[in-house]
Structures are given as C-alpha cells and as structure tokens.
Amino acid sequence: MTTTATQPARLGPLMRLALRARHANMFIVLVLALFVGLIFGGIMIVVTTPILLNSWSHAFSHPGATIASSFNTVWFAYEQLFQGAVVNFHALRMLIDNPSKVNLATVLTPLSGTLTYATPLIVAGLGLAIGFRSSLFNIGGQGQVVAGGVLALLVAFSFHLTPLVQVPLEILAAMLGGALLAGLAGVLKAYTGAHEVIVTMMSNYTMTLVLGYLLIQSLFARPGARDGASKAVGATGQLPYFFSHLSASLLLNFGFVIAVIAVIAVQWFFKRSKTGFELLMVGQNPDAARVAGIFSKRSIIICLTLAGSLLGLAGMLELTGVDHFITPNFGGSYGFDAITVALLGRNKPWGVFFGAIFFGAMFTGGEAMQAFTPTNIQFSLAQVIQAVVVFCVATPALLIEAFRLRDGAHLVSTTGSGGWL
Amino acid sequence: MSTDSRSIVTLENLRSVSRTRSLAYGITLMVLGVLEFVWYGSAASGLHTIIQFGYNTATVWPVVSSPWRFLLLFFGVAIIALALRAASVPLYSRLVASIRGSRTMTALIGAYLVIWPVLLWAGINQGGQLRTMTIPVALTGDVFGVLSIATGAVLAWRRLDRSASGLLFTGLFVFLLGFLIWVARGSLDLQLTAILASAVAVSTFLIFGSVSGTLCERSGVVNIAIEGQFMAGALSSIVFTSALQGTGLSKTFALLLAGLFGALFGWILAVMALRYQANQIIVGVVIVAFCTAMSQFLVTQVLDLRQNLNGSYGLPVWAVPGLSRIPVIGPVLFDQNVLVFVAFAIVIMANFALFRTRWGLRVRSVGEKPIASETVGINVVRMRYGAVIIGGFVAGIGGAGFTLGPGSPFTYGMTSGYGYIALAIMIFGRWRPYGALMASLLFGFTIALSANLNLYLQQLVIPQQFISALPYLITIVVVSGVVGRIRPPAADGVPFERR
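From first to last, the protein sequence lines stand for chains S and U.
Under my numbering, think of the first position of the first sequence as 2, with each following residue one higher.
Under my numbering, think of the first position of the second sequence as 43, with each following residue one higher.
Hints were generated in silico from the structure; no laboratory data involved.
Just so it is clear, CB atoms sit at the ideal spot from N, CA and C, and this is done for glycine as well.
Among the hints, a few may not be true.
[Unchecked claim] Label-pair restraints from in silico Cβ distances:
hint : chain 1 : residue 1 : chain 2 : residue 2 : range
1    : U       : Phe508    : S       : Phe296    : 49 to 59 Å
2    : S       : Leu54     : U       : Leu286    : 47 to 57 Å
3    : S       : Leu220    : U       : Leu89     : 46 to 56 Å
4    : U       : Ala195    : S       : Gln285    : 46 to 56 Å
5    : S       : Phe36     : U       : Phe295    : 28 to 38 Å
6    : U       : Thr289    : S       : Trp351    : 49 to 59 Å
7    : S       : Val88     : U       : Trp309    : 34 to 44 Å
8    : U       : Arg398    : S       : Ser58     : 22 to 32 Å
9    : S       : Leu54     : U       : Gln349    : 11 to 21 Å
10   : S       : Asn55     : U       : Gln349    : 16 to 26 Å
11   : U       : Phe295    : S       : Arg405    : 48 to 58 Å
12   : U       : Thr289    : S       : Pro51     : 15 to 25 Å
13   : S       : Ser58     : U       : Val418    : 49 to 59 Å
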C-alpha cells in the first residue's frame, strides 16, 4: 500500500495496472474464477481423452509435442464452445462477404440460442436471489417452475383471448402457482420452524411426481401423444419471436424483455421499497431486525412468496416462449441451475442477469462443442466448468488467498447459515 | 430462528417442551387411528389378505418351527434374560447402558417373541410350501385403529415423556403395515418379508447419510453436501471394482475409496467453512452441483464408451449363521449384503464415539458453545475438521451402497435426493445416531413400500405417483414440527471466529 501511495509517479502505466489488478474486486475474482474453471475443464478433457492421455507417456521424450497436442485439443474445444455460444467467425465472414437474410440468421443463431436459454434462468435466478438476500435458502426452484408452468398451461389452453389479455393472464397464473408452493414453505418456516431447505427440496420431488400424474389425466394429456406431452399452448398465448421473419430457428422471444423488466423491478425492490429493505435487514441481522420492529414471520412469508412467484414466471416463460407444451421432465434443470446463477451473480439483479447469460452461453456452446469436436467432448463439461466457476465466485476467499489478492475482505461475507431453526 | 428456540433452557421449559411433544405425538397417533378405523376398517367384511412370510419349515431355524418348541424358547429366553438383567444391575450402568437403547432392543425382541406364537396359532397354513397367514382386512383395520387411538389418548392425556417417540414410531409403522394389508387385499399374496428386507436395504444409504449429518452437525457444521458425497462414493467404488473386475479384496478397497472420496469433499467443505468461514449451506450446495456435473460428465464422456469400467458387481450377501434362520427377522436383518451390517456397526460406533468418549464430548461441546470450548483449551477448528471429514467418510461409504449394494452400474442421478432426505432423517432422529437409525428404517419402509406397490396397482384407489411422493411428503410433515419442537446443536452452521 505504502509503495503505491508514495511513489505513483515512478511506475509506468502497465505496472500500475498490474498493481491495481492485485487489488481484489469482483471483476478480477470473476476473471480468475473463469480462468480456474477453464484450466480445470482443460485438465478434464486431457484426462478423459485416451489419445491425449497416452501421449503424456512420452512427456519426457517429446515434451513440446505432448503439451502442444493437449493444448490444441483443449483450445479447439473452447473455440467451439465460444463460437457455439456467441458468434461463429466463419458465418460472420460469410455475412460480410455476402450480406443476406440467411447469413444474418446464421450469425445470430448462437447468440439467440444463448439468450433464449438464459431467459427463464434470469427470472428464476432473480427469484432465488431474493431468498438468498434475506438468508432464506429456497432450493425448491424446480418445483416452483413446474407449478408455474402447469398453471400457465391450464390458463393457456382454457382461454383463447387476444394475446394482450391472454399473456398477462398466463403470467398471473404462473406467478400464483409458484407463489403458492413457495408460500407454503414460508408459512411452515414461519410458524413451525420447518427448515426451508428441506421443505422446498421435498416439494421439488413431489411436484415432479404430481406433474407425472397430471400429464396422464385427460385434462392435460394430449390425445395420442407418445412422449407424455401435454396439450399445446394456443397461438394467442405464445410469446412472439423477435426474428421469426429471418429464420424459424431464431427462438429469441418477448420473454427476454419480460426478464429484463423483472431484473429492473427486483433492483427497484431492493433499492427503493420498504419491504425490500426489511427483507435485506432480516437477512443480514435478524436480531437487529426484530429489535427494529420488523415482524420476521411476515417477512419470511413475503420473501418466499415473491421468490416463488418469480420462479413460477420462469416456468411460464419456458412454456410459452420455447416449448409450448409440457413434458414429464419440464423445466430441465432450471431450478438447480438458478441456484448457481444466483450465487454466481452474488444475488444482485444485474449480476444474476449476466450470470444467467453465462449459463445460457455455456449450455448452447456446450452443445456445439459436443457436436463439432472430434472426440465429441460431452456438453456436461460445460457444467463442470460452471460448477468450478461458481465454487470460486461463491467462496472468493479461496481465490483471494491463492492469487495473493489484496484487500479482499469486503468480498468475503462470513454470514452464518444460521443452522436449521 | 424463532424466538421460542432461543428462550432460556430451564428444567421447567424442558418439561413443558417434552409434554407438548407427548401431546402432539398422542394427537398424531389418534388421527392415525381414526384413519385406520375409517379407511381400512370399512373394507368389505369378507375380504382377506394373505401374508407370505417367505420361509418354509425346511429353511427355518428348527427351534421355532413348532409352537411348543417356540414356547420353550420364549420362556427360556425370558427367564434367562430376567435373570441376567437382575444379575447385571451393578454392571448395567457401565457396560450395557453404554449401548443406548439396549432396553428398547430387548423390549422389541421380547415383543416379537410374544407375537410370534400368536401368529403361529392364529392361522398359518400348515399345508403349503411357504408359510402364509390369512388376515381379515376390516378386522385388522378396526383393531389397529382402536389400539392406535387408545395409545394416542393415553399419550395425550398423561403426557408421557419417555415412551413418546417409541410409541409414535410404532404407531406409524403399524399404520403403514395396515396400509399394506389393505392394499394387498383379495388377490396377490403380500410378500411381507421381501418388502421388509428391501426396506432395510434401502435404509442403508439413509443410515449412512443421516449418521454423517449427525457427526457433522454435532460439531456445528451443516453438511448439506451429503448428496454429492453419495455420488462421489457411488461412482468411485463401482469404477474401482470394475477396473479390478471384482477380484480379491477389490470391493473392500472400493468401499474404502468411496469413503476417501466422501472424506475429500468433507475436507473441502471443512476448509471453506472453517478456514474461510464461508456460508456452509452455499458451499454444500455448490459441492453438490459440482458432483452432479462431474458425475454426468464422467458417465457420458468415459463410462458410456467403456462399459467394462461400470459393471455390475454386488457386495456379497452374508447370512449370519443361526440368526438368519429366524422367521421374518432373519431374512430382514441377518441375511443382507455386508454393507447393511457395516451400517448397523457404524450407528453403534457413532453413538459410542459421540456420547461415551472424550472426543465425542468435545465434538458436542464445540457444536453447542464453541467459545466456551475454546476457553477450556479445545481446538475448535481442529475438532470440527475431524468431525466433518469423518462424516464425509461415512457418507462416501453410504454412496457405495447405491452401486455395490444392489450390484448395479452407476447411472446419472441415481442418488435421487436421498442425501437431502438423510438430512431430514437426521432432524427426525434428533441429531442422535440411534434416532437416525430408527427414522431411516421408517423412511426405508416407506420407500420400499412405494417401490413395491406397483404390484398391487389395480387395487389402488390412490394414483401411484402419490404413493411414490409419500417419503417426500412425510419428510415435510416431519420437519414441520409434527414431531414436536426440535433443538439442533446451538452453534450449528455458525462459523467460528477465534478471538
């Protein structure tokens, strides 16, 4: 500290930048986390590819070739990951050479896929972040997404109104579904002390089974469907695509706008609203909140209800934006990914937004990686990288110590999980 | 986090808590009884259920194959047991009492010995190859219902403290048994012994998981990563065994390896929670996410291409000589794969370690009041490291039970949330190994029941999905305080900062 403070003029701009980089802030932690995740993923690729593994047996006789072949494989895989998630360079060159609708659609495809996958995840991550901000660990995202999706579907095929009425009605129904399920956990937590982790976890499994039950009932089942799919959402209940005039494979839809609105709304909720402030206070210091006259039972229920309604909304976005019907494994792993998204975004609305886009990128890029690498590196590698990144971001103390970053104390929160009751 | 759990602990408070618990248990039992009376008791009077006991006179232990021999055995055992108990009074406090619940066990075995001759006389068909028994459904429902209501009423009225949880467990078990009898009415034989045996097999994971959770949380660290440790143990053990093709001691070492992988993730949790004082629930969830992704990656990238690394190798089934030939109890408890016996041993060891050794006292003190422990010279962080790593080891071995137990290859998602259920069981068992054992057996029974019920689907009014949801719903009911207020270790989940 003293050296930088007393002799700033003597150091060149590069050196100053390097010194600054050693001061811990969230950006540097994120970069380092991504770096660590990619290194770990690279090691995994090398270890699980037999050819590369064999080449390491001559690591001492031909060190250069060994390292180069491993590095090239890993680099190629990550290149595919990036091109599949953000932009394909080849397609971009084609577009520049020959601007046409088809080429534009090819260039936009990866990004559209990323944002489409990210859309429900943004909203789901926001929902969980609300809980985490007030120290409520709602891990029942999966069940609440399903509940929201089911109720939205019920509205979607029961009514055939104009889109301007139908879509808001679906949104309300979905939010109600998620809110009811999470609110139940909230009521149990507030009045009986049942820990929300277990209640919400169990509600996940229960909702999966309930969904399986509903899909074979005549109310929901599509006649003649082999894969257990439900009836489809009518044309008026679907969210409109942005680029449907370019190509049918560009699935980015109006849901993304709803997600951005949700981000802004949650931002406002925590920054400006009284209830949001109360929730934050309960989360950071429940004793102080009680002394200040905040009714903790009420805030627990409000918090979980809000969180659940956002997760239900995520289910609705998934339903009306992409699939338009429900299958027994509706929602995929959104509920669990949303937990890690919230942790990655450090529970801040815009952090969650970019975290979800990162997840969407890893998902679509991972599929491209699986398709285009010679050894078909499985797309679950992307999830491994994600998990490592989230591990590093959620517990920055490790990175701060490993890379000798300075002044990292403000990033490390030592809040207790508070035990079970 | 409610105000009640923070109120000062006084004798009067504790008494009122245990009385409230007894009242709650009694009311629960009465509700169950009414359900049984109305539901099972209303079956048509002609309906019968044939229970199959899964043994015949050739394989059963000769001593109990006839009522007369059995009576001899019963009275002999009873007299000898009484005499032993009377003689061991001075020893009891030291040796026998160190195994908590030994009296309960004696009572359980005694009850079994009383019930068995009654069953033998009541209507076991002597003609068939396998012993069966025909039970009238409606009468069973009525009897179970009345018994349950009466017990519940006594419990609620007299506020019995000591016998409360035992009676509740028995009541729940009887309720499920009645449900089985009701479901299997009329057509198929009820494979009671097989269902009970699979219940014990299923509860193995739960026992390991909940004991692991108990060890960690007694020291004040919330281990929500049990699910991840299960996956690590399941995957590593089957790959190791398959690589050695199940030869020699490979399965033993596979169990150890599974334990080591569990301990590794326990160590990671400990480092993050103790050294960096991170939020333990977040670390746990992230560890589970990592293990999920990693297992999926390894399965799709490596194991799907090399099936020989993910084979079917089961642990040997060991029939305890003599004991395994007792009817019903024999196949259920003493004719199981080795891991089941390891599970029982670990429960006893964990209980002994936690409540009868210096180490256990220190672990518990660290989990209750770390500052006080620090003051008397206990190294809080080191104690917690030890407990969390040992807990991880136990959970890892439990994970091996998913693959090596039934002898099936590893599939993605095969742990299906048992790691979280184990946490609920730990709460149900009140952070005690024996409580965890009893709760695990009850949950295992529910899970085995839901798995076996597709045999009787045409009888079922309730959709199968709801039966499958039973373990999860019971978990919710359990943690939401039907079992009464529960008190976790005071410093559970609170990072410790040395002053």
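- Identify every previously stated hint that the structure contradicts and give their numbers, smallest first. 1, 2, 3, 8 and 11
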